[in-house]
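Colleague: Listed here are the chains, written in short residue letters.
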Amino acid sequence: MKEITRRSFLKLGGVCALGLLAAPVLNAFGKGSLLKVTSDPAAKSAQRWAVVVDMQKCWAGGGETCRECIVACHREHNVPDIPDQKDAVKWIWKEPYENAFPGQGNAYTEEGIRGKPFLVLCNHCTNAPCVRVCPTKATFKREDGVVMMDYHRCIGCRYCMAACPYGARSFNFRDPRPYIQHENQAFPTREKGVVEKCNLCVERLAVGLPPACVQACPHGALAFGDLEDPDGEVRKILRTCYTIRRKPELGTEPNVYYVI
Amino acid sequence: MRDTSKIAIGLVVFVVLVTFPFWYGAGKRAEPPVPSLDTPVIQGLEEKKCIEDTGFMREYHMQLLGDWRNWVVRDGKTVYVASDGKEYVMSLQNTCLRCHSNKSQFCDSCHHYAGVDPDCWSCHLAPEEPAPEEGAK
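Protein chains in written order, with this note's numbering: chain A, 1 to 260; chain B, 1 to 137.
Pulled out of the complex, with its shape left as it was, chain A reads as follows (with noise of 0.2 angstroms):
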């Protein structure tokens, strides 16, 4: 048998190499040509979605009272309505204004303000604790600045809830199916011991219609957009009206912006 010489093993070994090098080539083409999802073209999109709640509207409009958005919100989502306080999920609820602004300190020029109910949801906030603390990856950030869940990765340790500044997530004590009075066969219900918060109505967003509340708000109080398209509807109301935002000082850039 012939002897291997050192110069013919290098050489050997060299192709050995290229042809590892190949394989990650040949398999990223591969892959390209079974691309096999898209989206609805009627999609809606954006850099960075924002909401902007207009109180001044939603009071006049009978803001003690009218629940139209939370109910349409809950009504398409499955969000069960359970009576014990302690164990309530809610994706869309109000809050009063010392609960919703605890930092805005001012003594008298928030009278007109104090005490009236705000609607609060998740800020879907741009860097957003619940997703740096989940330990499974459940509660991502998506491109369109969406903070969504993945349930079925969801462990129920509830990091996110203790991350959360705004007590926008409700963990399912027990099951919740027995609590929802009309089921919305389009949608999945919750498990109990998963996590649970607004998802900015993406299955809506994918279908080209605008989020649950806002389509429900029977006085424009909502509006919707992309916060990064300068001539947007949420650019606009930005620029023309004073607004506020929950704990801007945690650094957290909730989305969520508030008319007073």
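Because the hints were derived from the structure by calculation, they are not lab data. Positions of the beta carbon are idealized from the N, C-alpha and C atoms, including for glycine. All clues given are correct.
In silico lysine-lysine, DSSO-like type, Cα no more than 27 angstroms apart, as pairs:
{"no.": "1", "chain 1": "A", "residue 1": "K137", "chain 2": "B", "residue 2": "K77"}
{"no.": "2", "chain 1": "A", "residue 1": "K36", "chain 2": "B", "residue 2": "K49"}
{"no.": "3", "chain 1": "A", "residue 1": "K36", "chain 2": "B", "residue 2": "K86"}
Simulated coverage check for chain B against chain A, where a stretch passes if three residues somewhere in it have a Cβ under 8 angstroms from a Cβ of chain A:
{"no.": "4", "region": "61-75"}
{"no.": "5", "region": "121-128"}
Go by the hints and put chain B onto chain A.
Modeller: Chain B alone, transformed into the frame defined by chain A:
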């Protein structure tokens, strides 16, 4: 060695118990399941074909559903382009169960036979049976 008989009896009992499943089931056969395709929507189809061909669906539906879940939930893609070019909205509740509205006759028949218990239905809503047609939008 005065315990020989006791040991022998014990051994016989042990062997009989251990081999019980084999001789109990000998000669019998468990009928393989026949998933029912008899739903109003499927009956109304011109071409009775799932989104991919039957062999693929039978073998890979679980991988396909897992991919659908990841594409929809994590990537925000909602439309599946089948190998024949047709497009389908990726949704267990709204696409699969629209045709296969008979979960107990379709999904469950095989899953029970195979002894698998997927936990889809703790969150996803199955259409009410036997109410025909209803449940899908």
